[in-house]
Amino acid sequence: MSKYTLNINSKTLQVDVDADTPLLWVLRDSLGLVGTKFGCGIAQCGACTVHLNGNAVRSCSLPVSAVGSNKVTTIEGLSEKGDHPVQQAWNEVDVAQCGYCQTGQIMTASALLSKNPKPTEEQIATAMNAHICRCGTYHRIKEAVVLASSKL
Amino acid sequence: MSTLISTNRRNFLKLAAAAGGGLVLGFHWSNAEAGTMEVMKNGVVPAGSVDFNSYLSISPENVITIFSPNPELGQNIKTSFPMIVAEELNADWSKVKVLQANLDTNRFERQLTGGSGAVPHSWERLRKAGATAKYMLIEAGAKRWKVDASSVTAENGMITHKASGRQLTYGELATEASAIPVPAEVKLKSKKDFTIIGQPIRNVDGFEMYTGKPLFGLDFYREGMLHAMIQRPLSFGTKIKSVDATAAKAMPGIVDVVTFKNNVAVVGKSTWQILKARKLLKIEYEKEDTLESTADHDRLFKELMNTGEATVHRTDGDVATAFKSAAKTIVREYQCPFLSHSPMEPMNFFAHVREDGVELVGPSQTPDAARKVCATLLGVAPDKITLELTRLGGGFGRRLKTDYATEAAELSSIIKAPVKVTWTREDDMTGGSYRPAVRYRFEAALDANGNMIAYKLRGVGINSGNSTREDNFPSGSVDHLLIDSVEHKSPITTGAWRAPITNFLAYAEQAFLDEVAEAAKKDPVQFRLELLDRAKSKPVGAIKYDIDRMKGVIELAAEKSNWGKKKNVSQGFAVYFSHRSYVAHVADVEMKKGKPVIQKITSAADCGVVVNLSGAHQQVRGGVIDGMGHALFGNLTFKDGAVEQKNYNTYRMIRYKEVPEVDVHFVENEIDPTGLGEPALPPTGGAIANAIYKATGKRLYNQPFTLEEKMKGVNLGERM
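If you read the sequences in order, they're chains H and D.
With our numbering as the guide, the letters of the first sequence map in order to residues 1 to 152.
With our numbering as the guide, the letters of the second sequence map in order to residues 153 to 872.
The set of hints was computed from the structure by calculation and includes no laboratory data.
Take the hints with a grain of salt, since some may be wrong.
[Claimed, not checked] Taking lysine to aspartate or glutamate pairs in the EDC-like style, the calculated list, with each CA pair at most 20 Å apart, reads: (1) Lys752(D) - Glu143(H); (2) Lys809(D) - Glu122(H); (3) Lys81(H) - Glu870(D); (4) Lys247(D) - Glu143(H); (5) Lys142(H) - Glu870(D); (6) Lys421(D) - Glu92(H).
[Unchecked claim] Which stretches of chain D does chain H cover? Using the computed rule of at least three CB atoms under 8 Å from a CB of chain H, they are: (7) 362 to 370; (8) 496 to 509; (9) 543 to 554; (10) 791 to 804.
Here the structure is a predicted model, which means the values were calculated and not measured.
The C-beta atom is built at its ideal place from N, Cα and C for all residues, glycine as well.
Here chain D stands alone, though its shape is the one from the complex (with noise of 0.2 Å):
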């Protein structure tokens, strides 16, 4: 039996506790409070435990423990995966032990979390790693108890021989069922059958995360480790010119300041005595690059949007000839600022670079891509790290970056000490990775009749790639298209952030289609369903989007939000396909004292099969949670290359208060889970956006919407 995880915590500590028993650094153990610190729970399976495959071991007392590989960021991965591996097992849920897998490339496959693509990726994988254990289990009860296998049941966690009344419990019969050859093919389920799968099941970290047991990245401590804060350039584009870190290494329990890269690392004893120290830093800076500004940026967007050189994704039909021969014309643009991810969690990992070998703890997005970029920054072979995943305190895109895990080893390589590198909130903010900046035009050619005969869009991003998704809808559904982009390229990093570039292309694209149908003299929702058909009767070049799933979720959210039957509740409408799963909200909108409120939300969601109830419900609301916080309020300005909001004082997130009822839909059918972690943020400030204009008249082109001139003194989001 291969080992199932490379460190066991427990012992680790214990032996690190034996080995360091004079070293007085930082932490006590003498003190703590804690206990044990593991930050895994659970970290290694029972003893005699049988291994089925990667996922599934079974211990002979009847412990199911399954392995969730993928970064657990607040997806709901942790407890999604299992179920789908106990589904097939028919294990009773009870009794399952869920544990978190470290990096392990040769037992598993994709190891992060990103793109809404955990369980599409693995879900036929899960299945049949549950079902082979399955079908092993009651090949091995049949031979116990020599009858044929087709007399033989599992269900609920027991080996039945019906007949004789005879039953053992999975882990009696798993030693036997090891011995059993794997089959090359077995049966899944009939998804009409499923007993676990589309059920609300509890978070698997409840209880843990409830009590404050350690957990994430920032909760890692060891005897004898180091804190180290990095001090990096406050302004993008700029390097350092000189350090001086006299009076910081003077200050109590501080071990050393390193200069490296463009960081100057401050290495010391505890998180406080770094944190002070470091403000004592004397470090000058000079220019390396431009200083941009976001007065820089709306310049620059402006001038790009037309004389730009643009990279053209799709073309259909003739779009000049189309435009001059239209009855009537819209042009419309949108922008939105840059925004921070994040999350709850500040930026950290845990580094200790040894002579044979690298450990590193901590939340990564990319476990795989972090042990691969610190291989090569270090010149270790991959082989030689190991990298133990934390659960994550948010992630949101920034932690697909491996930027804080590569300093933490290059530092530690540097100081020849185990290290956690912690970031403040500031240190977040002004990092970097951020979502980038974008402008959109959006251009509509109706004829007589009230038809969209054209379309162009052009996307202009700071760094932002190509900003538009051009086979996306309402491409296919018109006979002239143009979709193109302009990118500039700036000194301010950017990022992938959660629904990477639709979380703002689906608000413009949606409030301007919302416009278009009302010069077309349409309803917006019949409007959107009159393309679609069109696309689905006389397509035009490729359709990379379901148009029946895309109706599908279109009809239930407009049924289930009583789409144009309220009184006296101003609505709006948008529908998006992003990650391969479909969302469409309603937005309802009440004039409350004369300003428009955001009072609910009505989302219908199309994500194949619902693996989790509870999780999925939470991956919707949290998404329009997300998009109308964003949309309402992020805004992340610069001043000479550098950011000017560095706290939650002057980076307003949404908060309690500002939360419509959120009133969440699925459609139910039978397709393989297409995702769910990002799909139902893009459509949320459409809906919002479009609602908004009912109610007051005004249409809303910028994000955050609370700050443009026309909502001066308007909290869209306050009910109380």
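Isolated chain H, as found in the complex (with noise of 0.2 Å):
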């Protein structure tokens, strides 16, 4: 076990975990920080997905030790009252069957959208196809990727 130091949602917070942790499970075992979710642990399905920098990235598999001052952002710290441009569209589209993959859907929309606004139909396709969603929401998907688009 060692103590690291993470910058977590705009906080600096300490954790004392094995050096090959997961971010993924240092969010959820050690922070509580449960919005980003477990699905396949092997970068597959994005259901871990957060902001590194600003980047979206797989939190299941990234090691804590690689995560050093980098700023990590989770959906919990994507905005103060839930009320993100994404976030809202996600909600006015009413987007989610089961709902469990559609915190990685939106961080890595939030993270395509705060880079490029205005991304074509292809572009929103690229970012949005490292995703699985078992219920088949790909089409409300596109629609609040779309609708949030034109808000910024």
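Fit chain to chain and form the complex, with the hints in mind.
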């Protein structure tokens, strides 16, 4: 076990975990940030997506020792009141079925739009294709990204 | 007033935190960034609320609390159920607060999610729950104002006496209303007067889901709880011979390694620590049954198709004679592989077996069954077991099984500690309860005029039970018919997978009928309509589907898809009746760079009254995508009893780029709701296969389509 000082959602937090612990399990088990989901553990499904310095990354495959002082944003820190344009669009479009994958989807969509507020259909598809939604909410994911983009 | 919720989570946590002051296992609440860890949203009704019935409480401050008793796994029941109550109550939807009820068999019947049956089962109960309370509120208003009840109205959450201009909220009258005798009969609204039912109402858990609040079973944490992962046999047909846990036990954070039944549980302080330690287990397995491979199944299918002892499910007329007299016969076989349910949230359950009772928390489609099995297993009375329902991160039938709940309870009873058992994705894919693999043989006999005079279907399945649905269409429209099945018993475990059996049978049947229509030189839509007309004018045997409703979706899908009128588009048709509802799809396939691409699916569904238009669209689109994804890609194979695909890198799921436009239409009628969680899935594969045939001249007989030799190099979903 080693102590790591992490910058998560603009707060400095310390955890005492094994060096190879994926950020996902630090967030969930050590910090109670359970909005970041465990889906596959091998960076295939995207449920565990967080932002690392604004880039969408898979927290299940990122060891805590590699995080360093980089800025981590989780779904809990995406907006103070849960009103990030992407979150609002997700609610307005009523995207979710089971909802389990949606926080990861939202993190990828928000990372995309922060860099590229007016993405083409193809750019949206390329970003969102990295996620699996077992319920098949893909149409509404597209609709919600387009809606959020229109408000940026 | 009875206690509405057996566990008040917030208080429980406070107690746990106070009692467990010195405990430093795993999670430290002091660093909890999430603040509270309420698994359930708003776990309690507001203080002073008045219970009107099992579903409904109203607080003096006018909070309308409606309980949703059934497990929510994405079918949107947690929004739809309360809508039905609120409709008859004439409530102001914005004042409604929805709570997930825990397992409570005294208050609720059929607290399960399966068979697309929740709304059909509860429709009238929910309406009466709302209507009864509305009646009592009106009576209470009339009593207070000393006027006749017929002059008092309940609209949009307000009780009004129009003549005098007096008005009170439901909340203001709730206490008085609770003293009004409950009427034996209440008048329900006319369906044309619905203002909430039929509207697109947003998911009541939307905000919580999109902000990452703890909702799901896996999000459940409690101070002092231990984590566990279980190593189960990787090959079906093997059992543990010996376990060497020395290395695993020596790992940091590991509390214990426990062997029970065929399970080796690694118990520790954090998920990652147990995951790592589990890899160090040295377990020797020995064979206790046959170790089957997919190659064995392929061979068995062909053998049993001809020589297997079949169970006959339906016979009409004289099939043998009819086939002998036929002008033309068509025989085709179709095969599908095993599938994993693969809900996004891996299996998990929390259990705390104490001296005085058992606490279970987690995602279950069948909480009552889970409790019963646990009660038997632990020798505890069921009423000593509480089961708190979390939101389910998908189910698709996997969570109808109780294995993952009972193993947590068993482990907790052994280690005498609260424990959450978490499965990895690999555990889920290798852990069984799959959609059974099935092979079908269809035979049809046509007379000289192209009429189908005889029809045969045999299903051969692996742990599939009856792999046919003998009373479905086209039964009833053919004079001579024989439907039977053969089952091979295997150590590989299977279970209900969304639209059990029909999820594959429908494709095979609808693809076959397309060939029969072609042989009869008839348009596929016209061919089906003629069969249905025949079933109506001259029914053969029992007819257990509604002919008019089936025709209705066929005609609507044909109209909305411009059937047969599109240029440069190849269309395929399929229709299916399952779980009381009717769905027809038309698939549009276009050739792009010489390869077929699925561009659009037009769907027509008849599920009776649509409760929530937003959720209903989701169920149809989701069903289509589920059906398409698994028809194109889904494939679980075995080698010596072990699953070969263990995670999403080898078990392929449909993704964003592969999804075509899905245009959904509903038949408008006033039939009581008949269910929608499953019926859109079954006909999808058939519509797609039939459209691909039109586009390429190639018939598809095996799923997944993309592994068919003739589809080599084709990704049917790729549009970009």
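Verification of the supplied hints:
Between lysine 752(D) and glutamate 143(H) the CA atoms are separated by roughly 17 Å; this keeps the pair inside 20 Å, and the hint holds. As the CA atoms of lysine 809(D) and glutamate 122(H) are separated by approximately 9 Å, the hinted pair is consistent with the 20 Å bound. The straight-line distance between the Cα atoms of lysine 81(H) and glutamate 870(D) is roughly 38 Å, outside the 20 Å bound, and the hint therefore fails. A hinted pair counts as satisfied when its Cα atoms are at most 20 Å apart, and lysine 247(D) with glutamate 143(H) does not qualify at roughly 28 Å.
Taking the CA atoms of lysine 142(H) and glutamate 870(D), the gap is near 16 Å; set against the 20 Å cutoff, the hint holds. At most 20 Å may separate the alpha-carbon atoms for a hinted pair to count; lysine 421(D) and glutamate 92(H) exceed this at roughly 40 Å. With 8 residues carrying a beta carbon less than 8 Å from a beta carbon of chain H, the stretch 362 to 370 of chain D meets the three-residue requirement, and the given coverage holds. Restraint check on the stretch 496 to 509 of chain D versus chain H: 3 residues with Cβ-Cβ distances below 8 Å, three needed, restraint holds.
Note: the stretch 543 to 554 of chain D has 6 residues with beta-carbon separation from chain H under 8 Å; the three-residue rule is met and the coverage holds. Look at the stretch 791 to 804 of chain D against chain H: 3 of its residues bring a Cβ nearer than 8 Å to a Cβ of that chain, three or more, so the hint holds.
In the structure shown, a violation is registered for the earlier hints numbered 3, 4 and 6, in ascending order.
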